[in-house]
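Here the structure of chain A is known, so what remains is to put chain B in place on it, guided by the hints.
Residue numbers (the working numbering), protein chains in the order written: chain A, 1 to 446; chain B, 1 to 481.
Check the hints yourself; a few may be wrong.
No farther apart than 30 Å at their CA atoms in a straight line, the calculated lysine-lysine pairs in the DSS-like style are these [unchecked claim]:
1. A:K332 / A:K412
2. A:K332 / B:K27
3. A:K332 / B:K351
4. B:K351 / B:K439
Simulated from the structure, these hints should not be mistaken for lab results.
No experiment lies behind these values; they were computed from the predicted model shown.
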Amino acid sequence: MIAMAPQAALAAGVLGALTLGLLRRPPARALRALVVAAVAAAMLLVVGVPVEGQVSTILLSDAKSVGWQYLIYLGALPLALWLDGTDDVLSALFLGAVLGMSLLAAAANLPMLFIALEFMSLPAYLLVARSRPGARGLEAAVKYFFAGGVAGALFMLGLSMYYADTHSLAASTDLSPLGQAGVALMAATALFKIGAFPLNWWLPDAYEAAAPEVSGFLSTAMKSAAVLFLMRLCELAPEARFAAYLPAIGAVTALTGSIMALRQERLQRLFAYSSISNAGLLIIGVGAWAAAGRTTDGVSAILFFLGAYAFMSNGTFAFIKHTGIETRAQLKGRGASMPAAAAAFTILLFSLAGIPPTGGFIAKLLLLWRAVDASLLWPAVIGGLSALISLAYYLGMTRDLWFETAQGPSLKPGAGLSLVIACAVGVVLLGAAPWLLSGLAGVPAP
Amino acid sequence: MSMPLTTLWVVPLIGAGVCALLGVRAKYAALVFSMFFVGLVAGLGVMQHSFAALSVVNEIGPVWAYGISYRLSADSLSIGLIGLTAFLNLICVIASWELEVSAGYWACFLALASALTGVFLARDLFFFYVFWEATLIPMFFIIGLWGSSNRLHAAVKFFLFTFSGSVFMLLAILALVSAHHRATGVWTWDLAVLDATTLGASAPLVFWGLVLGFAVKIPMVPLHTWLPDAHTEAPAAGSVMLAGVMLKMGVYGLLRIALPLFPNLAYESFPILGGLAAFSTIYGALCAMAQTDLKRMIAYSSVAHLGFCLLGVLSRTSQGLAGGTLQLINHGLTTGALFLMVGFMYERSHKRGLADFGDLASRAPYLAFFFGFSTLASIGLPGLNGFVGEFMALSGALATLPILAFAGVLGVTLAAAYALPAFQAVFWAPAGPGSVSDKVTDLDFRERAILWTLSGLMLWIGLAPLPWLAWFEPALRGLVR
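Chain A with its partners taken away, still in its complex shape (with noise of 0.2 Å):
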């Protein structure tokens, strides 16, 4: 039993987060504590989880399981550490969304994978419609909650399709076309969640009217998972042929995430954009781990890649809360004024725009290479060309950060300098010295 210690310790969060809810004036400090050291022990935990395969008829700890726990957790500690104590429901719902991410991470079988994908998702639409009052938050709650139920209808009309074919919820070689439709309808699905294109016209609403950190935790923690889950599909049915169309909806999903960033103005909505792109990668890396028959290089690319990920999408959110710059105009200047931030920030930035040293950098590259070295060329190609176009907005930001003159009145920043300036010194010690992710992951370096 103590393969599920991580998620125990988060069930128990969430109880104990509505029970001091139940107090008449919940202690505001105690319940920012709670939700913090849940996440905190979790990641703690999965320290002394065993690698020992099956646990029970619904859950497993594979090195995948292992390594994604690890991930997400990482991409929720900002989120925990930014929650507003006041609002318990707020607490309880985001302890729950990792939660059934955890799980999903550990679910060995797809009914499984099911219920632990709509217990992340549910609470998250009601975390991105609470995090910021107003009826935009709302919309694009509802806008998310509507994917998501499409989302999750097409995963059940699949894997009754599945089910038909094959008699069994488990690994199958051999599929009918039915049995591979049914397949086909779940990693749509997954690449829903993902936002791979045409499926993503949800998430640039989503992220933009949510708070920043809850964006950073969607695009970081919700994205891993989601990743895994495409990646679970892959493995539960080997011959499945969607699999070899995961390369060309990759690139195309990068492509379009990369130019339609170009023209945004407002920084939430650019930064989603930018994720779908990162996103389009994986799904080209997912992709190429498949083709090239599932190997631990290809798990070691996607993993390095969400790891510094992490840091890169939680960092830049964590520098919009934290300077309240919401447009592109409003950076201008900055670094002059607030250079600390913004020298974080900078980092930031070129490391989604994967110039070396730097992990942003690493993680493109391993990410492509596996690409090319799985035959995928043009894939790779054009992953390298979207990777290019967002240079353009990449220092574009850093040449309004820097070498304009600030308009407007000056800013005063909140909290959470510190998180920015952690997550910039976490994607330069990524790119300074890469094994050190692949060893804390528990993958052993290729």
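Just chain B now, kept in the frame of chain A:
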């Protein structure tokens, strides 16, 4: 006797960190570290020259995933270019001494020197690429923060262009490493091992990918369009580093990677690449002729000069290689001096158009002397350094494909046609109505000291090139066809 090569790139990097932290007094730290850096390189050069008879110093670190390993090596070519880097970096620090700039300025220059040193030292292609790209970041800030009016545009254009070229280089490197793995089952990024890889059908793709990456940097016409903007908008010292060292990275890449790996392909493509190089010499000169901005004219002359380097190097004859390589140093000295002087004039008058000056020779005789001296060196007057390099490079081309040598000679003639009238207009012609010549006071002691040093070296190479040629010869021997 050995000195860890790592110190060579770490010392300037530490210097950059110290400068960034010091704030107001950063320039003193910059000076100390730049001098220390020059001393280190000189020490290594002397050691290698006298004790080990021009041997190669290696330093090999542990292997990380995919055979990536920290692997440095210094032969005479590397040390020569690192020497140029260290020397010009010191010159830049001294030349910028009176500028009112923040600590970041000095930190950027030292960081740039560090990354450039890494490029010239790395023998593992992964680290080579990392250092290669790392040079862009400080230069981006040097142009963007301390450049002139159009700096924003120039900084982004510079970064985008050269980064795009490098991506092709990276893809080529990846394909090469993968091909080696497929053939032998061993992951390695070690240049010495990859030399022996046989690529088969994908060889041209890899070769052209590498060449594209290097050609943007050199820059070879038609990939040169980032250069005039970047060089013109950068601060004077930034232009010196840009033209003096960063352009050399491209030729260095050809010498170090593309030519040893693909000797035959390089030879077969000589009509195309050599043709573009020869075209660069003419096109660069014609563009320079059309400029009204002194700095922009010098920027275009760089395109032409690098064309000579390429022509020599690509001919793969012993004289061409030697001349092309020597021309790398020459161009660093001459163009560096010219950019600095335009910078000195700009500091005093905030103008740099040809029409903004006139009759400067009587007002600023030292400036006129050094400018004339450097101009003559730049157009290849016998007895000065430019002549030696261009002559040898052209004779290399002559031995390979005579028509290109003729085109190159046309380029030499055109150089005189843009440089001398420009000199005449600025220094001898009577000052026009809008002239700012009276604002231009003559060079002070610090500025003269810099230019005496640079001019002395130009003269030395021009009169006695043999020790310089002998220095580079061991590194180039293996490349001769």
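Hints versus structure:
Annotation: proposed proximity of A:K332 to A:K412 holds, straight-line Cα distance about 15 Å (limit 30 Å). For the hint pairing A:K332 with B:K27, the CA-to-CA distance comes to about 28 Å; that is within 30 Å, so the pair holds. Straight-line distance between C-alpha atoms of A:K332 and B:K351 comes to about 28 Å, which keeps the hinted pair within the 30 Å bound. In summary, the hint linking B:K351 to B:K439 is supported, as the alpha carbons are separated by about 10 Å, within the 30 Å threshold.
Of the numbered hints stated above, none is contradicted by the structure.
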